[in-house]
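Each chain, letter by letter, is given below.
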Amino acid sequence: MRSFINPFFAVILAGLLAACSSTPSEEDTSSTDTMPQETQTTPTQPVERPEPAKPETSSIPLTADNFHNHPSNYDGTTDTRVIYFAFDSNTVPAAAFETLRAHAKYLKENPNAKVRLEGHADERGTREYNVALSERRSEAVEKFLRVQGVSASQINTVAYGEEKPAAFGHSEMDWAKNRRVVLNYTAGRP
Amino acid sequence: MMRVNKIRSIAARATAVMALSMLALAARAELLIQITEGRVDAVPIAVVPFGGAANAPENVSDIVRADLHRSGQFKTLEPGDMLSRPTSADQLSYRDFRVLDQEYVVVGSVKATETGAYEVRYGLYDVAREKELLTESYRPPASQLRDVAHAISDRIYEELTGIQGAFSTKILYVTHNRGADRPYQLQYADADGARVHTIVRSREPIMSPSWSPDGSKIAYVSFEGNGLPKIYVHDLGSAERRVVAQYKGINGAPAWAPDGQKLAITLSKDGNPEIYTLDLNSGALERLTNHYGIDTEPRWMPDGDHLMFTSSRSGGPQIYELNVHDKSTRRVSFEGAYNARPDVTPDGRYLVYVHRRNGSFHVGVQDLQRGTFDIVTQTNMDESPSVAPNGSMIIYGTQHRGTGVLQAVSIDGRVKVELPSKEGEVREPAWSPFL
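Each protein sequence line maps, in turn, to chains A and B. Residues in the first sequence are numbered consecutively from 1, following this note's numbering. Residues in the second sequence are numbered consecutively from 191, following this note's numbering.
Since the hints were derived computationally from the structure, they do not count as laboratory data. Just so you know, these numbers come straight off a predicted model, no measurement behind them. Positions of the beta carbon are idealized from the N, C-alpha and C atoms, including for glycine. A hint or two may mislead.
[Unchecked claim] FRET-style restraints, in silico, Cβ to Cβ:
id	chain 1	residue 1	chain 2	residue 2	range
1	A	T91	B	K459	48 to 54 angstroms
2	B	D231	A	A64	18 to 24 angstroms
3	B	D460	A	P111	26 to 32 angstroms
4	A	S59	B	E476	54 to 60 angstroms
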């Protein structure tokens with residue numbers, strides 16, 4: 001199950017959804033083998049509330065070109081752990097802003113939490129050059145979190161280049177899924 | 191270009207060698223050699239099955255024939271097409287090979303000795319002149335029959351081409367076997383793909399293997415343990431290794447200097463990927479580049495005074511040359527918008543790198559004397575070109591049916607060889623120096 005949320009609604013829903021049971025995105029499970037993803041997180045702030053209005057399903061078709069900025073990839077909460085990037089770009093997509101703000105908020109409220117920003121590139125181009133490109137992606141996410149007031153001591157970065165793909169095919173869509181930064185909590189996972 | 195010979199597989203022999211070896215059998219990438227294109231003007235040569243060769247643990251004459259064929263410089267005669275099969279000079283009838291348009295013939299024998307070793311004798315003969323060019327004999331133990339075969343190939347190649355043979359060299363490479371407990375492996379094999387040795391297995395990526403100039407050590411990047419990149423120097427003889435770089439950020443792209451005393455490496459500890467030299471004796475670091483663009487993938491020129499490297503300082507990646515003494519740089523590549531990961535021929539004349547054209551990645555060769563540039567591969571997604579120590583061939587990684595494979599191409603693009611893997615991906619080949 002995946003929430004399809006417009007950025008507009010995301011602002012309102014972010015707080016509510018944080019209390020719901022989470023469904024990690026499929027990309028998360030392949031991001032690391034040292035940190036197995038929990039299938040269920042314990043609600044941190046149980047709230048009594050009516051069932052939220054069913055969010056509008058995005059009508060924008062999901063393509064390789066818009067994959068990185070597609071609302072369906074970001075639920076505006078810390079449940080989303082993967083930020084995608086356009087080809088040859090290290091610009092954080094607007095659709096991911098709410099999600100990253102949620103991570104920033106969580107990190108500020110939980111000073112013991114630590115996140116490792118794992119940058120990845122698609123397979124095109126040379127390997128060490130891709131390592132450098134993927135470092136720029138994790139640095140862009142780091143900068144976003146720092147601007148939100150997250151302490152530098154809570155953030156580490158690592159650049160994997162094309163060495164740890166999430167999708168193993170060779171299509172434009174596979175490449176879109178591989179151009180990413182994974183937020184891997186190494187302590188105090190939300 | 192003409193398709194000379196479709197498939198020449200040494201799979202059976204490679205398998206036999208592996209069965210004999212005491213290495214672990216699991217998750218081993220096995221390299222097969224297929225020549226896909228040879229020279230139209232390849233020299234016809236008949237390597238007659240050596241007397242007794244089939245009874246030895248390694249078939250020496252088959253290995254020699256495959257070596258010469260794989261070089262693309264020679265067109266080898268199938269034993270089934272031979273009119274006679276002499277095993278010594280006195281049995282040789284030149285006419286039998288002249289009528290088959292052979293220019294050279296190799297005859298020899300392999301005999302077991304009382305001590306358990308083998309005696310290998312062979313001769314190389316010029317068919318037109320009816321003249322002996324070379325005779326040699328070796329007394330190897332069974333375990334070195336394959337080495338002797340490659341040494342014979344080297345001698346014959348050098349005698350007939352004037353270029354030192356590279357059949358006794360090794361190829362270092364990375365394999366990725368998705369689904370395995372430790373999917374990333376660093377391995378090396380003979381230049382013909384046989385005798386695979388696993389050096390490191392890891393759950394985390396291994397990258398950028400590089401040989402020391404004397405072939406005794408290697409350097410590589412491994413993300414093992416904490417998932418962060420570290421540069422290792424690994425002694426192949428003793429299997430001892432040490433971490434030589436684990437700074438914050440990127441620790442990548444080690445390249446051994448010609449003097450064997452230092453590495454050129456990429457570090458981003460100062461906020462941006464820059465090229466440094468690391469003195470392996472003192473541990474001293476010296477920063478060579480200073481630019482907000484990406485600087486990485488250094489390769490030494492044979493003089494040890496210059497490096498070629500990839501830089502994005504002009505926008506996309508291009509090749510630059512760096513003077514390691516005064517740190518001055520100059521741009522070297524100008525064709526197209528993506529040129530990266532240089533390697534250099536041992537004579538310093540040709541620069542080999544990855545070039546993007548129409549969205550595909552090819553291996554290109556730039557003549558540094560004449561300034562010409564040629565694309566020498568027709569495959570897509572080509573990467574990590576590495577030049578043989580005799581400058582004859584380039585081995586590189588590419589994709590075949592969605593899987594990473596190794597291929598080789600001659601510097602002039604006229605000979606092409608495939609090295610498909612049976613299991614998993616094979617990539618980042620590094621051709622050893624002469625050993």
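Hint check:
no.	hint	verdict
1	T91(A) <-> K459(B): 48 to 54 angstroms	violated (25 angstroms)
2	D231(B) <-> A64(A): 18 to 24 angstroms	violated (46 angstroms)
3	D460(B) <-> P111(A): 26 to 32 angstroms	holds (28 angstroms)
4	S59(A) <-> E476(B): 54 to 60 angstroms	holds (57 angstroms)
Hints 1 and 2 from the earlier list are contradicted by this structure; the remaining hints agree with it.
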